[in-house]
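Here is how the chains run, residue by residue.
Protein chains: 2
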Amino acid sequence: MSDSARDAVTAAPAVVTAEALRRFATAVFCRWGLPEGDARTVADVLVWADLRGIDSHGVTRIPMYLRLLDDGDLNPTPAIKTCLETSATTVIDADRAAGPIAMTTAIGKAMEKARDAGIGVALVRGTTHTAALGYYTSSAAEAGMAAIAFAASVPMMAYHGARVASVSTSPISIAVPGGERGPVVLDMATSVASMGKLVQARKTGTPIPAGWAIDEHGRPTTDSSVAMTPLPLGGPKGSGLALMIEFVTSMLVANPILADALALEGRGKQRHKQNAFALAIDVARFCDPAVFRNEVDRLVAAVKTLPRNADAAEILVPGERGSRTFAERSARGIPLPGPIVAELARVATRFGVAMFPTDRSR
Amino acid sequence: MSDSARDAVTAAPAVVTAEALRRFATAVFCRWGLPEGDARTVADVLVWADLRGIDSHGVTRIPMYLRLLDDGDLNPTPAIKTCLETSATTVIDADRAAGPIAMTTAIGKAMEKARDAGIGVALVRGTTHTAALGYYTSSAAEAGMAAIAFAASVPMMAYHGARVASVSTSPISIAVPGGERGPVVLDMATSVASMGKLVQARKTGTPIPAGWAIDEHGRPTTDSSVAMTPLPLGGPKGSGLALMIEFVTSMLVANPILADALALEGRGKQRHKQNAFALAIDVARFCDPAVFRNEVDRLVAAVKTLPRNADAAEILVPGERGSRTFAERSARGIPLPGPIVAELARVATRFGVAMFPTDRSR
Chain U
0 MSDSARDAVT AAPAVVTAEA LRRFATAVFC RWGLPEGDAR TVADVLVWAD LRGIDSHGVT
60 RIPMYLRLLD DGDLNPTPAI KTCLETSATT VIDADRAAGP IAMTTAIGKA MEKARDAGIG
120 VALVRGTTHT AALGYYTSSA AEAGMAAIAF AASVPMMAYH GARVASVSTS PISIAVPGGE
180 RGPVVLDMAT SVASMGKLVQ ARKTGTPIPA GWAIDEHGRP TTDSSVAMTP LPLGGPKGSG
240 LALMIEFVTS MLVANPILAD ALALEGRGKQ RHKQNAFALA IDVARFCDPA VFRNEVDRLV
300 AAVKTLPRNA DAAEILVPGE RGSRTFAERS ARGIPLPGPI VAELARVATR FGVAMFPTDR
360 SR
Chain X
0 MSDSARDAVT AAPAVVTAEA LRRFATAVFC RWGLPEGDAR TVADVLVWAD LRGIDSHGVT
60 RIPMYLRLLD DGDLNPTPAI KTCLETSATT VIDADRAAGP IAMTTAIGKA MEKARDAGIG
120 VALVRGTTHT AALGYYTSSA AEAGMAAIAF AASVPMMAYH GARVASVSTS PISIAVPGGE
180 RGPVVLDMAT SVASMGKLVQ ARKTGTPIPA GWAIDEHGRP TTDSSVAMTP LPLGGPKGSG
240 LALMIEFVTS MLVANPILAD ALALEGRGKQ RHKQNAFALA IDVARFCDPA VFRNEVDRLV
300 AAVKTLPRNA DAAEILVPGE RGSRTFAERS ARGIPLPGPI VAELARVATR FGVAMFPTDR
360 SR
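So the protein sequences, as listed, match chains U and X. For the first sequence, numbering that gives the first Met the number 0 gives the first residue as 0, with consecutive numbering after it. For the second sequence, numbering that gives the first Met the number 0 gives the first residue as 0, with consecutive numbering after it.
Careful: at least some of the hints might be erroneous.
Since the list gives no way to pick out one identical chain from another, each pair is judged satisfied if it fits inside one copy or across any two copies.
[As the list claims (entries may be wrong)] Within a straight-line C-alpha distance of at most 20 Å, the following computed EDC-like cross-link-like pairs (lysine to aspartate or glutamate) qualify:
hint : residue 1 : residue 2
1    : 268       : 72
2    : 303       : 259
3    : 80        : 69
4    : 303       : 264
Worth flagging that the hints you see were computed from the coordinates, not collected in a lab. Remember, predicted model here, so these are calculated numbers, not experimental data.
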């Protein structure tokens, strides 16, 4: 357990509006030194995750972002530049920008290329925590594009057969425009459960299901306080995907993460860095977009009415639970567990920023 | 159990050279009416799978290909045409070609586009069984490209929460060029185990591990004779990937497979068809390919020497076991189980083709 977690003042759980959380996060990042527009983008991406119920990637990450800034891993005023361009691709040097800044730039560039070439790929070199990938693929889907994104990061997950963190939990997100039901958005880690979920369970003192993680000795555990290394989805498949993502992302932009980290073998700490891959497909270049949207809805409807097995109360399509949570939390506010409120209160104190107003009546 | 399986004459297991199997398969497909070059391509792709140890996708599929031809689902003399083109993409109407014919065409076109645009995507509309996707991505990697491929097919796997076949076991393959160790090639189904492995277990009377499949009533089973529907990798993740693959493949080419099949609800049989997505990335456009290859080897070496957990005798990277089997079977021949030999003997009889010479001394 980190010092900050041990020292955390206890606080009551709270319910906060998205707007209040966004204002709070924006103010904090501004105080650190991010330009206001960038601070707002980072805040927006984090609070979007909270709204969608991806609590592990929401405002709970503010302390981590601040640590990355304090350590010099995250550059508050990056000079993002295009370092390579073809008719359908672009490579962006992110200059250690906050992930949300680099990724919104990247998905925008990929979409621009896709409008010309049918598809577009933006590769991001040297960003930091990319946050919830679904934010960027969803934004493409909202604009009528299909999108696929990967992120490559430092070793966190055990490679199949290894007992130490050796590959990233590299997320994969795929989104497509939908009709009346809106976009369908898959956003998944290549681990059984994301590192964020593990950290969240540790912060809130909740046990984890068997099969999620191993402890520092490589032993399976359900105790989130000692769970250290997430296990790959389906063994060789999950860690194989994570490895291939490092190849087609980090190695294409000549910014290897895993090989350098593994070469250190505990002798020193590697700086936090991530690379990313964003692909956009302009649906309208391939087919009638209205037909596409209707067909997406037709298949979703068919899947949702499939005969269910005994344990399943409902069949959900990718992102459906998130959309539902988004609607609910947009209306009623975002619930924050006590330990998270306490952590954010410490952040408020450090930066002399007003704590967000909370509704403790729920 | 199908009639042909019940009637199968028993036969001894055999060991056959790749060349003998290729000649046999080519002759059979020629007799059915495929042009010789196409027959040879299909044979080559199937035997490649046998050489790599992907027995489920090898010559064991010959009877299925013949059934597709007999039923009119597979067109022996297709007029494959490009029906849409952008600077970085192409859509190929496969005219119900054998998967290996459509897919070798597609990966070639994707690579051609990638040479110009940095990346290239070929979408395939209306092919049949695409066979081992790793064949096509490997061929791109051998030519210095990174490649990603998906295939969309008819319902075979249970969507998470459903008790019937509802999505495909849509495979994902990713390959990159390597240095001295050769390409790294991931080729995985989005199910826990591929349909091919299930069929192979059924043909050879082998039980299957728990968690692979459910029976016709939706109950979990380890009996391969009643195992009907494979389960998705990691529940919602595997079936989510399969669903998204249908969206970015079948729906982009306006040739929906799943929605049509699910709409039939058992009222009639849908014709077999598949669509596919092949992406090529010209590594040399992004970085020094020699550095890329060395870096791939460096990471592979680091992964292989990770501290292992107690159960792991060795750490394998994607495609490594396949390469090893390829070397071994290229030298010593391909072992075929008795039931497969018997099935192929029936094929030989039907077409008046000489049975391949076998080495039964092993």
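Hints breached by this structure: 3
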